[in-house]
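K.L.:
Each chain, letter by letter, is given below.
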Amino acid sequence: MTWADWFDQLAFFVVAGITIVAAAGVVFVPRIIHACLCLLVALIGIAGLYGLMAAHLLLAIQLLVYAGGIAVLILFAIMLLHRRSDGGILGGTRNLIIGLPATVIVWFVVAAAVIFSKWHYLPGGGTVSPQADSNVRIIGELLLSRHLLAFELVSVVMLMALVGAIIIAREDRSTDSGQQVAGQQTGESGGNAQ
Amino acid sequence: MILPPVGLLHYLILSVCLFCFGLLAVITRRHAIGILLGIELMLNSANINLVAFSHFLSPPHPVLDGQVFALMVIALAACEAAVGLAIILRFYRQTTVTDVADAKLLKW
Numbered sequence: 002m003t004w005a006d007w008f009d010q011l012a013f014f015v016v017a018g019i020t021i022v023a024a025a026g027v028v029f030v031p032r033i034i035h036a037c038l039c040l041l042v043a044l045i046g047i048a049g050l051y052g053l054m055a056a057h058l059l060l061a062i063q064l065l066v067y068a069g070g071i072a073v074l075i076l077f078a079i080m081l082l083h084r085r086s087d088g089g090i091l092g093g094t095r096n097l098i099i100g101l102p103a104t105v106i107v108w109f110v111v112a113a114a115v116i117f118s119k120w121h122y123l124p125g126g127g128t129v130s131p132q133a134d135s136n137v138r139i140i141g142e143l144l145l146s147r148h149l150l151a152f153e154l155v156s157v158v159m160l161m162a163l164v165g166a167i168i169i170a171r172e173d174r175s176t177d178s179g180q181q182v183a184g185q186q187t188g189e190s191g192g193n194a195q
Numbered sequence: 004m005i006l007p008p009v010g011l012l013h014y015l016i017l018s019v020c021l022f023c024f025g026l027l028a029v030i031t032r033r034h035a036i037g038i039l040l041g042i043e044l045m046l047n048s049a050n051i052n053l054v055a056f057s058h059f060l061s062p063p064h065p066v067l068d069g070q071v072f073a074l075m076v077i078a079l080a081a082c083e084a085a086v087g088l089a090i091i092l093r094f095y096r097q098t099t100v101t102d103v104a105d106a107k108l109l110k111w
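Heads up: the protein sequence lines correspond to chains V and S, in order. Numbering-wise (the working numbering), the first sequence opens with residue 2 and increments by one. Numbering-wise (the working numbering), the second sequence opens with residue 4 and increments by one.
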């Protein structure tokens, strides 16, 4: 084994370990805001995995959109809600009794399927090609040629989600505001929907 | 100790683990946002699969369709988070609960 192989293995196992531990934290940490911070760590670890697979554009987008956008959006939403005792999963023992065996079964089935499958490796797969720094150009060309329809459909879906989120989250001015106990946060939540 | 070089199987097993943690979060979390966190985790594990297949099963000259689809998944996950959080905030404003076990508005 060369030093490069050792470094590859070390990098993979360190990043994978951080990601797995953080993902476990998403499940088992009692406070929801701590779970969200664990998710943030897991997302950054996944960005590191993208980097190990030479997907540099996805690394940047994962950091910008997921870690910088979605995780912070969820954090803001948590801060808009009142903090009250959640109990995490410990309060829902019944769910845990059902959920843990089901999840373990799913893990074993899928892992066995992954291990015992015959993957059709092509020669040269898994190596970082010398023109890996031109991935951005190739992805851009693919987006605007072969996957143009999917690209346009995603843009339409994003527009609809934006409008829908604003409409859902804004205050209903026609209804009687006396019935709404916590209706004072509308300004923040309207901005939050974007 | 000689370990096999990091290959497709490593990434797939890691992705299975992340998916199962996300599934467990969806099943056992009682807070509505906790369920959303689990869904984000599952979407990310699917993304790892896409990028790993694109990296390990493609010929040396880059075939990057997997990364393009991972981009699509990221965009749709952003939409899902925005709409889901809007629904949770609206529900909280009407009922002042965030526990999904208390969401019984549509039960007869």
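Please note: incorrect hints may appear among the correct ones.
What the hints assert, rightly or not - Computed beta-carbon distance windows for the label pairs:
#, chain 1, residue 1, chain 2, residue 2, range
1, S, THR98, V, HIS35, 23 to 29 Å
2, V, PRO102, S, GLY10, 17 to 23 Å
3, S, THR98, V, ALA113, 28 to 34 Å
4, S, ILE90, V, VAL73, 17 to 23 Å
5, S, LEU6, V, VAL158, 29 to 35 Å
6, V, ALA151, S, ILE90, 21 to 27 Å
7, S, GLY10, V, VAL164, 20 to 26 Å
8, V, VAL110, S, LYS110, 22 to 28 Å
9, S, ASP105, V, PHE77, 18 to 24 Å
Unchecked claim - Derived SDA-like pairs (lysine to any residue); straight-line CA-CA distance at most 25 Å:
#, chain 1, residue 1, chain 2, residue 2
10, V, LYS119, S, ILE38
11, S, LYS110, V, GLN10
12, S, LYS107, V, GLY100
13, V, LYS119, S, LEU60
14, S, LYS107, V, LEU81
15, S, LYS110, S, ARG93
16, V, LYS119, S, ARG93
17, V, LYS119, S, ALA104
18, V, LYS119, V, GLN10
19, S, LYS110, S, VAL100
20, V, LYS119, S, LYS110
21, V, LYS119, S, LYS107
22, V, LYS119, V, ILE106
23, V, LYS119, S, LEU12
24, S, LYS107, S, CYS20
25, V, LYS119, S, ALA49
26, S, LYS107, V, ILE106
27, S, LYS110, V, PRO31
28, V, LYS119, S, VAL100
29, S, LYS107, V, SER135
30, S, LYS110, S, PRO8
31, S, LYS110, V, LEU97
32, V, LYS119, S, LEU6
33, S, LYS110, V, ILE106
34, S, LYS110, V, ARG32
35, S, LYS110, V, GLY100
36, S, LYS107, V, ILE99
37, S, LYS107, V, GLN10
38, V, LYS119, S, ILE30
Hints are computed from structural coordinates only; laboratory data are not their basis. Where a beta carbon is used, it is the ideal one built from N, C-alpha and C, also for glycine.
K.L.:
A separate judgement is required for each hint: does it hold in the structure or not?
P.N.:
Status of each hint after checking the structure:
1. THR98/S / HIS35/V: 23 to 29 Å: holds, 24 Å
2. PRO102/V / GLY10/S: 17 to 23 Å: Violated: the Cβ-Cβ distance is about 30 Å, outside 17 to 23 Å.
3. THR98/S / ALA113/V: 28 to 34 Å: violated, 43 Å
4. ILE90/S / VAL73/V: 17 to 23 Å: holds, 19 Å
5. LEU6/S / VAL158/V: 29 to 35 Å: Given a distance of about 42 Å, which is not inside 29 to 35 Å, the answer is violated.
6. ALA151/V / ILE90/S: 21 to 27 Å: holds, 26 Å
7. GLY10/S / VAL164/V: 20 to 26 Å: violated, 44 Å
8. VAL110/V / LYS110/S: 22 to 28 Å: violated, 33 Å
9. ASP105/S / PHE77/V: 18 to 24 Å: holds, 23 Å
10. LYS119/V / ILE38/S: violated, 34 Å
11. LYS110/S / GLN10/V: Given that 25 Å is the threshold and the Cα spacing comes to 52 Å, the pair is violated.
12. LYS107/S / GLY100/V: holds, 21 Å
13. LYS119/V / LEU60/S: Roughly 12 Å between the alpha carbons, so the hint for LYS119/V and LEU60/S holds.
14. LYS107/S / LEU81/V: holds, 22 Å
15. LYS110/S / ARG93/S: holds, 18 Å
16. LYS119/V / ARG93/S: Distance of about 48 Å is beyond 25 Å: violated.
17. LYS119/V / ALA104/S: violated, 43 Å
18. LYS119/V / GLN10/V: Since the Cα atoms of LYS119/V and GLN10/V sit roughly 23 Å apart, the hinted pair holds (cutoff 25 Å).
19. LYS110/S / VAL100/S: Roughly 16 Å between the alpha carbons, so the hint for LYS110/S and VAL100/S holds.
20. LYS119/V / LYS110/S: violated, 47 Å
21. LYS119/V / LYS107/S: violated, 47 Å
22. LYS119/V / ILE106/V: With a Cα-Cα distance of about 22 Å, the restraint between LYS119/V and ILE106/V holds, given a limit of 25 Å.
23. LYS119/V / LEU12/S: holds, 11 Å
24. LYS107/S / CYS20/S: The given pair, whose Cα atoms are some 32 Å apart, is violated under the 25 Å limit.
25. LYS119/V / ALA49/S: Roughly 20 Å between the alpha carbons, so the hint for LYS119/V and ALA49/S holds.
26. LYS107/S / ILE106/V: violated, 30 Å
27. LYS110/S / PRO31/V: This hinted pair is violated, its Cα atoms lying about 28 Å apart.
28. LYS119/V / VAL100/S: violated, 49 Å
29. LYS107/S / SER135/V: Roughly 52 Å separates the two Cα atoms, so the pair is violated.
30. LYS110/S / PRO8/S: Outside the cut-off at roughly 53 Å; violated.
31. LYS110/S / LEU97/V: holds, 24 Å
32. LYS119/V / LEU6/S: Measuring from Cα to Cα gives roughly 20 Å; hence the hint holds.
33. LYS110/S / ILE106/V: Cα-Cα ~31 Å, so violated.
34. LYS110/S / ARG32/V: Violated - the C-alpha atoms of ARG32/V and LYS110/S are around 28 Å apart, more than 25 Å.
35. LYS110/S / GLY100/V: holds, 23 Å
36. LYS107/S / ILE99/V: holds, 21 Å
37. LYS107/S / GLN10/V: violated, 50 Å
38. LYS119/V / ILE30/S: violated, 32 Å
Figure legend: structure checked against the earlier numbered hints; hints not met, in rising order: 2, 3, 5, 7, 8, 10, 11, 16, 17, 20, 21, 24, 26, 27, 28, 29, 30, 33, 34, 37, 38.
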